[in-house]
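Undergrad: Single-letter residue listing:
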Amino acid sequence: MLRFIVRRLLITIPTILVVISITWVLIKLAPGNFYSGEKPLPPAIEKNIREKYGLDKPWYQQYGKTMWGIIRLDFGTSLKYQGQSVNTIIKRSLPVSAAVGILAYLLALVVGVTAGSIAALKQNTKWDYGSMALAMLGISIPNFVLGPILVLIFSLTLYWLPPSRWEGFPSWNLVLPVLTLSAIYMAYIARLTRAGMLEVLRSDYIRTARAKGLSERDVVIRHALRGGLMPVISYTGPALAFLLTGTVVVERIFALPGLGNYFIQASLNRDEPLIIGIVAFIAIVLLLMNLLVDIAYAYLDPRVRY
Amino acid sequence: MSSGKFRQILGLVLLASLACANYSCTVAASNEEFFGSTTPPPRNIFRYVSGDEPESLDPAISNGQPEARLYMALFEGLVEYNPKTLEPEPALAERWHINNDSSEYTFHLRTTGRWSNGDPIDANDFVYTFRRNLSKATASRNAYLMAYIKYAQAYNQQQVFVRDPKTGEFLLARDLDAGFPPEPLSSSPIDPAKSEYQPDPKDTTPDQDSAFHQQMHTATRLTLPGDEKSRNKRLDANAKLKAAVAGKEFVPVKAEDIGVEAPDNYTVRISLVQPAPFFLGLLAHQVFRVVPRKTVEQFGTKWALAEHIVSCGPFKVKMWKPYDQLVLERDPMYWDAEHVGLDELYFYPVLDNSTVMNMYKVGELDAMYNHAVPNAWLHIMRSKKDYMERAEAAIDFLIINTTKPPLDNPKVRRAFNASIDKVAYAEWRRIVKPLTAFTPEGIFAGYEQPKGAAFNPAEARKLLGEAGYPVIQNSDGSFSCPTFPVDQVEFIYNSQQANKAVVEWMQAQWKQNLGITVGLRNMEWKTFLEAKEKLDFKGFARGSWGADYMDPFTFLSLFYTGGESGTGWQDPKYITMLDEANRTLDPKQRYHLLAKAEEYLIENQPIIPLDSPSVNWMKKPYVKGMYPNPGSLYPWKYLYIERDRAKWDYGTPSLDAE
Numbered sequence: 000m001l002r003f004i005v006r007r008l009l010i011t012i013p014t015i016l017v018v019i020s021i022t023w024v025l026i027k028l029a030p031g032n033f034y035s036g037e038k039p040l041p042p043a044i045e046k047n048i049r050e051k052y053g054l055d056k057p058w059y060q061q062y063g064k065t066m067w068g069i070i071r072l073d074f075g076t077s078l079k080y081q082g083q084s085v086n087t088i089i090k091r092s093l094p095v096s097a098a099v100g101i102l103a104y105l106l107a108l109v110v111g112v113t114a115g116s117i118a119a120l121k122q123n124t125k126w127d128y129g130s131m132a133l134a135m136l137g138i139s140i141p142n143f144v145l146g147p148i149l150v151l152i153f154s155l156t157l158y159w160l161p162p163s164r165w166e167g168f169p170s171w172n173l174v175l176p177v178l179t180l181s182a183i184y185m186a187y188i189a190r191l192t193r194a195g196m197l198e199v200l201r202s203d204y205i206r207t208a209r210a211k212g213l214s215e216r217d218v219v220i221r222h223a224l225r226g227g228l229m230p231v232i233s234y235t236g237p238a239l240a241f242l243l244t245g246t247v248v249v250e251r252i253f254a255l256p257g258l259g260n261y262f263i264q265a266s267l268n269r270d271e272p273l274i275i276g277i278v279a280f281i282a283i284v285l286l287l288m289n290l291l292v293d294i295a296y297a298y299l300d301p302r303v304r305y
Numbered sequence: 000m001s002s003g004k005f006r007q008i009l010g011l012v013l014l015a016s017l018a019c020a021n022y023s024c025t026v027a028a029s030n031e032e033f034f035g036s037t038t039p040p041p042r043n044i045f046r047y048v049s050g051d052e053p054e055s056l057d058p059a060i061s062n063g064q065p066e067a068r069l070y071m072a073l074f075e076g077l078v079e080y081n082p083k084t085l086e087p088e089p090a091l092a093e094r095w096h097i098n099n100d101s102s103e104y105t106f107h108l109r110t111t112g113r114w115s116n117g118d119p120i121d122a123n124d125f126v127y128t129f130r131r132n133l134s135k136a137t138a139s140r141n142a143y144l145m146a147y148i149k150y151a152q153a154y155n156q157q158q159v160f161v162r163d164p165k166t167g168e169f170l171l172a173r174d175l176d177a178g179f180p181p182e183p184l185s186s187s188p189i190d191p192a193k194s195e196y197q198p199d200p201k202d203t204t205p206d207q208d209s210a211f212h213q214q215m216h217t218a219t220r221l222t223l224p225g226d227e228k229s230r231n232k233r234l235d236a237n238a239k240l241k242a243a244v245a246g247k248e249f250v251p252v253k254a255e256d257i258g259v260e261a262p263d264n265y266t267v268r269i270s271l272v273q274p275a276p277f278f279l280g281l282l283a284h285q286v287f288r289v290v291p292r293k294t295v296e297q298f299g300t301k302w303a304l305a306e307h308i309v310s311c312g313p314f315k316v317k318m319w320k321p322y323d324q325l326v327l328e329r330d331p332m333y334w335d336a337e338h339v340g341l342d343e344l345y346f347y348p349v350l351d352n353s354t355v356m357n358m359y360k361v362g363e364l365d366a367m368y369n370h371a372v373p374n375a376w377l378h379i380m381r382s383k384k385d386y387m388e389r390a391e392a393a394i395d396f397l398i399i400n401t402t403k404p405p406l407d408n409p410k411v412r413r414a415f416n417a418s419i420d421k422v423a424y425a426e427w428r429r430i431v432k433p434l435t436a437f438t439p440e441g442i443f444a445g446y447e448q449p450k451g452a453a454f455n456p457a458e459a460r461k462l463l464g465e466a467g468y469p470v471i472q473n474s475d476g477s478f479s480c481p482t483f484p485v486d487q488v489e490f491i492y493n494s495q496q497a498n499k500a501v502v503e504w505m506q507a508q509w510k511q512n513l514g515i516t517v518g519l520r521n522m523e524w525k526t527f528l529e530a531k532e533k534l535d536f537k538g539f540a541r542g543s544w545g546a547d548y549m550d551p552f553t554f555l556s557l558f559y560t561g562g563e564s565g566t567g568w569q570d571p572k573y574i575t576m577l578d579e580a581n582r583t584l585d586p587k588q589r590y591h592l593l594a595k596a597e598e599y600l601i602e603n604q605p606i607i608p609l610d611s612p613s614v615n616w617m618k619k620p621y622v623k624g625m626y627p628n629p630g631s632l633y634p635w636k637y638l639y640i641e642r643d644r645a646k647w648d649y650g651t652p653s654l655d656a657e
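Top to bottom, those sequences are chains A and B. With the first letter of the first sequence counted as 1, position 66 gets the number 65 in numbering that gives the first Met the number 0; the numbers rise by one all the way through. With the first letter of the second sequence counted as 1, position 322 gets the number 321 in numbering that gives the first Met the number 0; the numbers rise by one all the way through.
Check each hint, because a few of them may be wrong.
Unchecked claim - Each computed DSSO-like pair below joins lysine-lysine, with the alpha-carbon atoms no more than 30 angstroms apart:
hint: 1; chain 1: B; residue 1: 83; chain 2: B; residue 2: 410
hint: 2; chain 1: A; residue 1: 56; chain 2: A; residue 2: 46
hint: 3; chain 1: B; residue 1: 320; chain 2: A; residue 2: 51
hint: 4; chain 1: B; residue 1: 253; chain 2: A; residue 2: 38
hint: 5; chain 1: B; residue 1: 239; chain 2: B; residue 2: 165
hint: 6; chain 1: B; residue 1: 301; chain 2: A; residue 2: 38
hint: 7; chain 1: B; residue 1: 165; chain 2: B; residue 2: 253
hint: 8; chain 1: A; residue 1: 38; chain 2: B; residue 2: 232
hint: 9; chain 1: A; residue 1: 46; chain 2: B; residue 2: 83
hint: 10; chain 1: B; residue 1: 135; chain 2: B; residue 2: 384
hint: 11; chain 1: B; residue 1: 450; chain 2: A; residue 2: 38
hint: 12; chain 1: B; residue 1: 360; chain 2: A; residue 2: 38
hint: 13; chain 1: A; residue 1: 27; chain 2: B; residue 2: 228
hint: 14; chain 1: B; residue 1: 293; chain 2: B; residue 2: 320
hint: 15; chain 1: B; residue 1: 320; chain 2: B; residue 2: 410
hint: 16; chain 1: B; residue 1: 360; chain 2: B; residue 2: 450
hint: 17; chain 1: A; residue 1: 51; chain 2: B; residue 2: 403
hint: 18; chain 1: A; residue 1: 56; chain 2: B; residue 2: 450
hint: 19; chain 1: B; residue 1: 384; chain 2: B; residue 2: 461
hint: 20; chain 1: B; residue 1: 228; chain 2: A; residue 2: 51
hint: 21; chain 1: B; residue 1: 587; chain 2: A; residue 2: 27
hint: 22; chain 1: A; residue 1: 46; chain 2: B; residue 2: 135
hint: 23; chain 1: A; residue 1: 90; chain 2: B; residue 2: 317
hint: 24; chain 1: B; residue 1: 232; chain 2: B; residue 2: 572
hint: 25; chain 1: A; residue 1: 64; chain 2: B; residue 2: 533
hint: 26; chain 1: A; residue 1: 46; chain 2: B; residue 2: 572
hint: 27; chain 1: A; residue 1: 64; chain 2: A; residue 2: 90
hint: 28; chain 1: B; residue 1: 587; chain 2: B; residue 2: 572
hint: 29; chain 1: B; residue 1: 135; chain 2: B; residue 2: 301
hint: 30; chain 1: B; residue 1: 587; chain 2: A; residue 2: 38
hint: 31; chain 1: A; residue 1: 27; chain 2: B; residue 2: 499
hint: 32; chain 1: B; residue 1: 533; chain 2: A; residue 2: 56
To be clear, the hints were calculated from the coordinates, so they are not data collected in a lab.
With these hints in hand, go ahead and build the complete structure from the sequences.
TA: Structural data, given as structure tokens:
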């Protein structure tokens, strides 16, 4: 087990370096600069700016500088937001994205697993059709539609909840973004749980459990759910990684100062250090989450051994 | 629980879609005077969406509008914008003198100016600020606005003077530069017999003289590029220059050479390289706002972060959470603190216009930035008494790449211009006025704006025929132009829903009136900017420009140097015309000459003028002292919250002086 973890961690490092190198090349290939605006700058002023930020150096020096920073986990200073270090920006915006993301995922997990299990247990009844229809709806309605609809009902018509902005944790401002964000995950988890449960419920060891005379409750919760949740677990890794690192649309609609918002703005602004920093961070989180999922597998599924 | 919950959600979703369908009708039908909540905030605070997240609180850095508004709260310059007209008003300078040809400005500072840490503000702070903002290390994007100051541009570009090592004398620009205009008064020897300034009966204390002042009053020195390569290129192109420079030494232009000095602690004197009557108005721009030397030198690029910043405006930073909120509070050190109406200012960076409207409706905002009202909502908002709409000091136009055929031919350009029905266009856009010239209409009082060619499709077809591309009328009445190289022309624009509709509208006009179908290509914003900047497009590009200061020259100067307009069009005659206008002392005559230059510009048609937009935004009726001025810049100290409903603004407040 330990060997497996160490090996996976070692593979992580070159993976991240490759991801960053590709990102770096893509940024260099993209036209435009962080300083360009509606009125083109006189060449002399542009030259001053390029020299100030080292953009006049040969490419290998710029690449080397970026890589050397990444190795020391220092992502440098934002070009667009003068004086703000990328590390500070990530540290500041991560909690916002994480709060919304984790809450949304927990909500999705509770509702999704319950709905999915009931659908599986009462297969081909109105419960099953009902919850699967809703899940289909959840997958089909994009969050940029759901978000404004929720705002329209709860903020603009009923005046119950604030329409946007971040007011810390916990606060009423979280309700709408969390609901909006969790809808699609809820739906996915419900469908995954149902499929997983259906497969498990038909398997031999469940039949054995029933034959031994275990109560239905024990059969479902202790045996079936444990096996039936495997697809949900493998889905959790990447899903949580993306939720943690921010979701662009929801953060934009609700004006949340999260990582996703920064990421999209950084790309539009051609803010090289910020883009690289966030990409590196997301890559690290994603790889770690996948590792955690694999470890969780080993514990949950007796058939999996490393 | 699960199915019940799901059923509830289903119910909500259905309810929501119904509400959605009915929403526009219900809003339209309601007779509410104002849009949403009109409950004033419990304290004297003002909550505003400024647009994008500010790049930096350092006024030398950003050239954007959201930042310009923040800088007005935090920093002050010699002058400040009038809240209604945007004309310059006394700020840290309480009075000033301008010499007879507007080439030298002397400012007398108020002695009560204080930094937010309590230190006094004096003339040396201004000298420092000007030098810093021009330095290569600061690399300010706004430095070009300071180029009117003597040797400022040379210092910004790290140029050199040329000195004779034997005599110590410098080569002069007028001797070696063929096109050098006559020296302004600021560079001519001081004549003790007559004053350079008009006598001021209110102010009898004479301005102090100084050695630096004497030095400024000598003929402008020649400056050459600092790096050897470009210098040699320039010398090789000019044999006379090369001969004159031989055996001379090159002296780098230093910060101390720039035409800004502090003859005493409360006087700032600025010497310009040319007469510039608009310069006073320009001084309210952010790049001229004073910054604290001690703090800047101590913290470098981090000085403007919330933990270090020292400011001098009516407000100071209380809290800054980037991408969330910037909270400013009244600065008790501000010289005019007793007249500041608000205790706190909240700036929220919100990018989504419908989010802004939502926040405004529920009363989480007291006003919003210009153009935040979506076009589709106009018909509803125009009936509300908290909606602001007024002329804006801005223009929209089409940029033409004049370096590539067939649009290198002015006749072709004129044909494309005359085949767009701008009146119909403005009616369709609803929020703009048609424009045939290159300055916005009705903004500069007393400026006789020239009229460009009107919509005339027959004339357009004739012009195109004269250019060698005859337009044929088909049997069904439509037109076609078979010889026109359609593949050599396209129309680029940045991807945005509103833009797409606009370019498609133009495309339809050309198709209908000339029989030419111009291809459309959308681009991501920065990609679009780069294509425009490098003239890496064929045909047309969308362009717009807002005033940096309240003078027609802020628009006309877009073609003063070639690269900046994105058209490749540069005409020495046009530049001479502008120079001549700016040398003219009588303001009326100057406007007349500027209008002549503008006429020449639109005759050459490197651009196709489209419209002048209107400012359109909303503020709650209890917000007073905020006006829909043409630049959407608000001196924050005049704002206050009015709790007496009788004194509220019902409708757009007047911009006339009281």
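Undergrad: Need the status of pair residue 360 of chain B, residue 38 of chain A: alpha-carbon distance at most 30 angstroms?
TA: violated, 34 angstroms
Undergrad: Just to be careful, I want the Cα atoms of residue 165 of chain B and residue 253 of chain B compared with a cutoff of 30 angstroms; is the pair within it?
TA: Measuring from Cα to Cα gives roughly 21 angstroms; hence the hint holds.
Undergrad: For the pair supplied as a hint, residue 533 of chain B and residue 56 of chain A, confirm whether the alpha-carbon distance does not exceed 30 angstroms.
TA: holds, 21 angstroms
Undergrad: Does the structure keep residue 83 of chain B and residue 410 of chain B at a Cα separation of 30 angstroms or less?
TA: Not satisfied, since the Cα-Cα distance of roughly 42 angstroms exceeds 30 angstroms.
Undergrad: Does the structure keep residue 135 of chain B and residue 301 of chain B at a Cα separation of 30 angstroms or less?
TA: Given that 30 angstroms is the threshold and the Cα spacing comes to 17 angstroms, the pair holds.
Undergrad: Given the hint that residue 46 of chain A pairs with residue 135 of chain B, does the C-alpha gap stay at or below 30 angstroms?
TA: holds, 9 angstroms
Undergrad: CA of residue 320 of chain B to CA of residue 410 of chain B, is that 30 angstroms or under?
TA: Violated: residue 320 of chain B and residue 410 of chain B sit about 54 angstroms apart, past 30 angstroms.
Undergrad: For residue 587 of chain B and residue 572 of chain B, compute the direct alpha-carbon distance and say whether it is at most 30 angstroms.
TA: Measuring from Cα to Cα gives roughly 21 angstroms; hence the hint holds.
Undergrad: Within 30 angstroms, alpha carbon to alpha carbon, are residue 587 of chain B and residue 27 of chain A?
TA: This hinted pair is violated, its Cα atoms lying about 51 angstroms apart.
Undergrad: Verify the proposed pairing of residue 301 of chain B with residue 38 of chain A, using a straight-line Cα cut of 30 angstroms.
TA: holds, 27 angstroms
Undergrad: Under the criterion that the straight-line Cα-Cα distance not exceed 30 angstroms, is the pair residue 64 of chain A, residue 90 of chain A satisfied?
TA: holds, 22 angstroms
Undergrad: Has the given pair, residue 56 of chain A with residue 46 of chain A, been kept, meaning a C-alpha gap of at most 30 angstroms?
TA: Given that 30 angstroms is the threshold and the Cα spacing comes to 12 angstroms, the pair holds.
Checked against the numbered hints given earlier, the structure breaks hints 1, 9, 10, 12, 15, 16, 17, 18, 19, 21 and satisfies all the rest.
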